[in-house]
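> Residue strings, one per chain:
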Amino acid sequence: MEPWPIELTEVSKRYGGVRALDHVTLSAGPGITGLLGPNGAGKTTLMRIVATVLAPDEGSVRLLGHDLARAHERVEVRRRLGYMPQEPGFYQQFTAFEFVDYVAILKEMKDRSARHDAVRRALGAVGLEDVAHRKVKGLSGGMRRRLALAQALLGDADVLMLDEPTAGLDPEQRLRFRELVSQLPHRPAVLLSTHQTEDITAVCERVIVLAGGRIRFDGSPAALAETATGRVWVEQDRNEQAVLSWRMSDGRHRHIGDPPAGATIAEANIDDAYLLMAGVTAQTQGAAA
Amino acid sequence: MSGPLRPSPAPGAVAALARVEGHKLLVHPYFLAGIAFVGIGSAIFLRATLTQPLVSWDDDGWTVAVGFWMLAMMTMVGANHAALRDRREHTEEQHTSLPAGPATKIGGLLTATLWPAAVTGVLIAAIAGFASTRGMSLSAVQVVHLAELTGIVVLLGAFGVAVAVWLPNPFVVPLVAIAMFVVHPGEQSRAWHAITPFADMVTVELAVWHLAYVVGLAALFGVGAIARSTRTRPVLIAGVIVAGIVGVAAAVLLARACPGACLIG
Amino acid sequence: MRTDHLRYAARSTTLSPIVLAASVSTVIVAVRHDHGSALPLQVAAIALAGGIGFALDDPAFEVMAASPTSLLRRRALRLLVTLPPAVALWAALLGWQGTEEIEEALALVALAAGVFGLSLGIAGVAARRSPHGSGGVAVAPALFVLLIASSTVPPRWRPLPLGDVPGGWPQIYAGWTGAAVLGVLVFALSSRDPATAIARRVRMRRGGSIVPTSSLSGSRPSPG
Numbered sequence: 001m002e003p004w005p006i007e008l009t010e011v012s013k014r015y016g017g018v019r020a021l022d023h024v025t026l027s028a029g030p031g032i033t034g035l036l037g038p039n040g041a042g043k044t045t046l047m048r049i050v051a052t053v054l055a056p057d058e059g060s061v062r063l064l065g066h067d068l069a070r071a072h073e074r075v076e077v078r079r080r081l082g083y084m085p086q087e088p089g090f091y092q093q094f095t096a097f098e099f100v101d102y103v104a105i106l107k108e109m110k111d112r113s114a115r116h117d118a119v120r121r122a123l124g125a126v127g128l129e130d131v132a133h134r135k136v137k138g139l140s141g142g143m144r145r146r147l148a149l150a151q152a153l154l155g156d157a158d159v160l161m162l163d164e165p166t167a168g169l170d171p172e173q174r175l176r177f178r179e180l181v182s183q184l185p186h187r188p189a190v191l192l193s194t195h196q197t198e199d200i201t202a203v204c205e206r207v208i209v210l211a212g213g214r215i216r217f218d219g220s221p222a223a224l225a226e227t228a229t230g231r232v233w234v235e236q237d238r239n240e241q242a243v244l245s246w247r248m249s250d251g252r253h254r255h256i257g258d259p260p261a262g263a264t265i266a267e268a269n270i271d272d273a274y275l276l277m278a279g280v281t282a283q284t285q286g287a288a289a
Numbered sequence: 001m002s003g004p005l006r007p008s009p010a011p012g013a014v015a016a017l018a019r020v021e022g023h024k025l026l027v028h029p030y031f032l033a034g035i036a037f038v039g040i041g042s043a044i045f046l047r048a049t050l051t052q053p054l055v056s057w058d059d060d061g062w063t064v065a066v067g068f069w070m071l072a073m074m075t076m077v078g079a080n081h082a083a084l085r086d087r088r089e090h091t092e093e094q095h096t097s098l099p100a101g102p103a104t105k106i107g108g109l110l111t112a113t114l115w116p117a118a119v120t121g122v123l124i125a126a127i128a129g130f131a132s133t134r135g136m137s138l139s140a141v142q143v144v145h146l147a148e149l150t151g152i153v154v155l156l157g158a159f160g161v162a163v164a165v166w167l168p169n170p171f172v173v174p175l176v177a178i179a180m181f182v183v184h185p186g187e188q189s190r191a192w193h194a195i196t197p198f199a200d201m202v203t204v205e206l207a208v209w210h211l212a213y214v215v216g217l218a219a220l221f222g223v224g225a226i227a228r229s230t231r232t233r234p235v236l237i238a239g240v241i242v243a244g245i246v247g248v249a250a251a252v253l254l255a256r257a258c259p260g261a262c263l264i265g
Numbered sequence: 001m002r003t004d005h006l007r008y009a010a011r012s013t014t015l016s017p018i019v020l021a022a023s024v025s026t027v028i029v030a031v032r033h034d035h036g037s038a039l040p041l042q043v044a045a046i047a048l049a050g051g052i053g054f055a056l057d058d059p060a061f062e063v064m065a066a067s068p069t070s071l072l073r074r075r076a077l078r079l080l081v082t083l084p085p086a087v088a089l090w091a092a093l094l095g096w097q098g099t100e101e102i103e104e105a106l107a108l109v110a111l112a113a114g115v116f117g118l119s120l121g122i123a124g125v126a127a128r129r130s131p132h133g134s135g136g137v138a139v140a141p142a143l144f145v146l147l148i149a150s151s152t153v154p155p156r157w158r159p160l161p162l163g164d165v166p167g168g169w170p171q172i173y174a175g176w177t178g179a180a181v182l183g184v185l186v187f188a189l190s191s192r193d194p195a196t197a198i199a200r201r202v203r204m205r206r207g208g209s210i211v212p213t214s215s216l217s218g219s220r221p222s223p224g
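Residue numbers (our numbering), protein chains in the order written: chain A, 1 to 289; chain B, 1 to 265; chain C, 1 to 224.
Keep in mind that the hints were calculated from the coordinates and are not lab data. Please note that a few of the clues may not be correct.
[What the hints assert, rightly or not] Computed footprint of chain A on chain C, listed as stretches where at least three residues anywhere in the stretch have a Cβ under 8 angstroms from a Cβ of chain A: (1) 64 to 77; (2) 188 to 196.
[Stated by the list, open to error] Calculated lysine to any residue pairs in the SDA-like style (CA-CA distance at most 25 angstroms, straight line): (3) LYS137/A to SER130/C; (4) LYS135/A to ASP193/C; (5) LYS110/A to LEU72/C; (6) LYS110/A to TYR8/C; (7) LYS135/A to PRO168/B; (8) LYS137/A to GLU93/B; (9) LYS137/A to TYR8/C; (10) LYS137/A to VAL153/C; (11) LYS110/A to SER16/C; (12) LYS110/A to VAL19/C; (13) LYS137/A to ARG158/C; (14) LYS137/A to LYS24/B; (15) LYS135/A to ARG87/B; (16) LYS24/B to SER130/C; (17) LYS135/A to ALA13/B; (18) LYS110/A to LEU6/C; (19) LYS110/A to SER130/C; (20) LYS135/A to ARG70/A; (21) LYS137/A to HIS90/B; (22) LYS137/A to HIS72/A; (23) LYS137/A to GLY244/B; (24) LYS135/A to LEU98/B; (25) LYS137/A to VAL81/C; (26) LYS24/B to GLN86/A; (27) LYS137/A to GLU89/B; (28) LYS137/A to ASP193/C; (29) LYS24/B to VAL172/B; (30) LYS110/A to LEU79/C; (31) LYS24/B to LEU167/B; (32) LYS135/A to VAL19/C.
[As the list claims (entries may be wrong)] Interface residues of chain C toward chain B, partial, derived using beta-carbon atoms under 8 angstroms: (33) VAL24; (34) LEU39; (35) GLY51; (36) ILE102; (37) LEU106; (38) LEU143; (39) LEU162.
Glycine residues also receive a C-beta, built at the ideal position from the N, C-alpha and C atoms.
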């Protein structure tokens with residue numbers, strides 16, 4: 001049986017007294033898996049561990065059948081891995097082309113002309129071909145995000161780790177990103193960490209909700225939306241019994257939680273389900289504390 | 001003449017910032033390392049007062065002074081580190097939109113150097129008080145010298161801030177500190193040694209002039225740091241006044257303290 | 001590829017502190033070079049070591065960390081473009097200043113090696129702990145604290161002596177050689193792959209069966 005491209009078993013990570021990941025076990029195959037969760041849920045820690053940048057305190061991680069605990073297997077994985085960090089750093093005096101070319105060299109792409117072709121392809125894929133020879137310090141915030149994405153796409157990686165890739169992108173670029181990621185020809189295993197539920201709905205075949213360092217949901221986006229079915233209602237005034245409520249543009253209030261008898265049930269979407277899950281988690285943790 | 005259109009330091013905001021930055025300076029690892037050196041220098045002296053006969057401030061008090069000089073240099077490095085924080089953490093741009101301009105922040109940092117100086121004053125008073133219980137009274141010139149140590153802490157702190165403002169490279173001030181530590185003026189006194197911060201004077205009058213020189217120089221560095229972002233008339237007038245004080249004090253020290261009348265620490 | 005790699009490594013390295021240190025060192029030796037003192041060379045070595053500490057700063061550390069090129073190799077390339085010029089400059093300053101006896105020259109070489117080694121060790125650890133991969137800022141202050149701390153013990157027992165000490169140049173030689181070895185060891189340890197700890201921790205916990213993958217709810221697609 002072919003191994004899962006991404007396999008985590010009982011992975012935990014602590015930062016001082018804070019448990020960022022708590023015995024997380026998951027597997028992900030080819031295709032796009034979305035990682036959703038509130039701030040501090042452990043998404044970036046999980047991404048960094050899978051991207052071989054950080055060691056877990058406990059548990060094991062296997063990528064493309066390789067055990068990340070072994071140095072030589074880790075190097076093999078890195079040859080086939082693309083990683084876009086949440087806060088990528090840049091060399092300001094490099095041009096966009098030089099930056100991606102440097103990453104290509106570190107990815108051990110030896111042939112110069114093939115490497116340059118790959119760099120041009122990656123820059124073209126994210127729409128930066130026109131500014132390839134502009135210095136990084138002269139690029140806008142959105143362009144820098146795309147530059148970080150370009151270096152991750154280099155060399156047709158088999159595993160792509162994308163941490164908040166659409167943050168700071170304009171709507172057109174966001175659509176372009178979705179199209180790009182969902183149409184990658186070699187169908188890599190993509191782990192996409194985001195706050196944008198629209199991204200999840202648009203491109204992910206599967207979504208994992210992380211909160212408090214634990215997996216709260218693992219399934220399809222439609223299944224996630226279903227978890228809120230019957231638990232979303234609309235009222236004129238704010239109902240204090242709701243887990244969460246907010247005012248809509250028509251002046252009425254949308255509530256999630258356990259609806260009162262006779263409430264007007266609304267159709268649930270992935271946002272409702274995610275907020276319900278995150279809200280319940282926060283309440284549970286608050287009660288436990 | 002007025003410089004860029006930036007508001008002058010707002011007193012309330014400066015005081016609030018000074019409280020925050022002063023507290024940060026006091027718990028900064030560099031300042032704490034300086035306190036450790038003060039502890040070592042003072043312990044050597046205090047131990048001598050307890051175990052040896054004929055101990056005096058003149059012959060044995062230098063270990064205390066050296067400890068505080070190290071503290072002053074560590075304050076300089078710490079203040080420079082704090083003043084470069086925005087640059088290091090890439091928060092310059094987000095702070096640009098705040099109503100308190102850079103002059104307020106610099107004013108806060110400069111005022112914050114009074115916190116280490118206050119700690120220095122308290123420690124010196126405690127050490128001198130203990131020594132007096134062992135029958136070691138201070139001469140007038142020694143009192144001025146000890147008081148001047150607090151001024152040196154403020155002077156080097158202000159220097160650290162001024163360098164951060166004008167030469168925002170994190171390596172400059174540590175390099176100066178190393179040079180100050182390793183390259184001392186030497187055994188033989190020369191006239192210019194009188195205007196180094198650590199020079200000792202042998203008469204009360206010269207010691208007071210040196211104290212005025214140190215305090216004036218600290219103010220000059222402070223005004224110089226603020227002038228980087230705010231060149232309003234009051235700032236420029238203050239600059240001229242403190243430059244005058246420093247110039248006169250330096251001239252007096254150069255003319256009257258040496259040769260032969262100054263001892264270099 | 002190597003030429004490109006070296007060129008990019010040079011361009012991504014923070015060079016201004018090294019240039020500043022080189023300038024200051026040259027000026028100090030130029031001003032004091034006829035005094036027959038070892039002190040200018042000692043200051044030059046410390047200044048250059050402080051400058052070298054910035055060579056390991058890597059603002060794009062997070063991006064580069066996932067590449068197959070190891071951290072040690074990435075750092076080694078940065079040092080390849082900074083350490084040889086610094087060493088060459090210091091050697092030239094040593095030749096210019098001159099020494100009275102060979103033991104003094106050897107002791108100064110040991111001192112230079114010692115401060116360079118300490119600088120690498122401190123920078124390596126600080127860069128690893130820094131959120132932006134910038135440890136250079138900690139090197140010069142740390143060297144400064146070490147030097148002051150060293151000067152607080154009796155001259156004969158100073159671990160990092162400066163100038164003449166009782167016991168002569170061999171005493172200095174031994175102390176600084178030890179510092180060089182220690183610094184390089186710390187640097188090597190700090191340059192381990194950040195994910196290395198996985199091996200150690202997992203080995204400690206091996207022995208039990210692997211916990212099966214679980215889904216709390218919903219379906220899970222097959223690996224295809």
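> Kindly indicate which numbered hints from before are broken by the structure, ordering the numbers from low to high.
4, 10, 11, 12, 13, 14, 17, 19, 20, 22, 23, 24, 26, 28, 36, 37
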